[in-house]
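The numbers in the numbering used here rise by one with no breaks, and the one at position 50 of the sequence shown is 352.
If you're looking for bench data, these hints aren't it; they were derived computationally from the structure.
Where a beta carbon is used, it is the ideal one built from N, C-alpha and C, also for glycine.
There may be inaccurate statements among the hints.
Below are the SDA-like pairs computed for lysine to any residue, each with C-alpha atoms no more than 25 Å apart in a straight line [to be verified]:
no.	residue 1	residue 2
1	LYS322	GLY333
2	LYS359	VAL346
3	LYS310	MET323
4	LYS322	ALA336
Cβ pair distances, simulated, as ranges [said to hold, decoys possible]:
no.	residue 1	residue 2	range
5	PRO348	GLY311	22 to 28 Å
6	PHE360	HIS340	20 to 26 Å
7	LEU353	LYS322	20 to 26 Å
8	GLY311	SER365	31 to 37 Å
9	VAL328	ARG305	21 to 27 Å
10	SER365	GLY342	33 to 39 Å
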Amino acid sequence: MFRLLGAKGLGVSDDYMTEKMPAVNVGLLDGQLAWRQHDGGHTVGPNWKYLIPWADKFLTHSSSVTSASK
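Put together the whole structure using the sequences plus the hints.
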């Protein structure tokens, strides 16, 4: 689906039968899609320090303050 929308893949093959999973704590964070599995159980906490900088590449920020936000 992501290719239909013009996004690039994770940089690995699409053959789930032969493709090896990346090691735990190794992220695929260089493209428009991201993936990372951490150790430590079912929580997203350990991934935030990697996913926030990844997402930040796609967000626009404004440093101006409007009168409505004062």
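For each hint, the structure was consulted:
| no. | hint | verdict |
| --- | --- | --- |
| 1 | LYS322 - GLY333 | holds (19 Å) |
| 2 | LYS359 - VAL346 | holds (20 Å) |
| 3 | LYS310 - MET323 | holds (18 Å) |
| 4 | LYS322 - ALA336 | holds (16 Å) |
| 5 | PRO348 - GLY311: 22 to 28 Å | holds (24 Å) |
| 6 | PHE360 - HIS340: 20 to 26 Å | holds (21 Å) |
| 7 | LEU353 - LYS322: 20 to 26 Å | holds (22 Å) |
| 8 | GLY311 - SER365: 31 to 37 Å | holds (33 Å) |
| 9 | VAL328 - ARG305: 21 to 27 Å | holds (23 Å) |
| 10 | SER365 - GLY342: 33 to 39 Å | holds (36 Å) |
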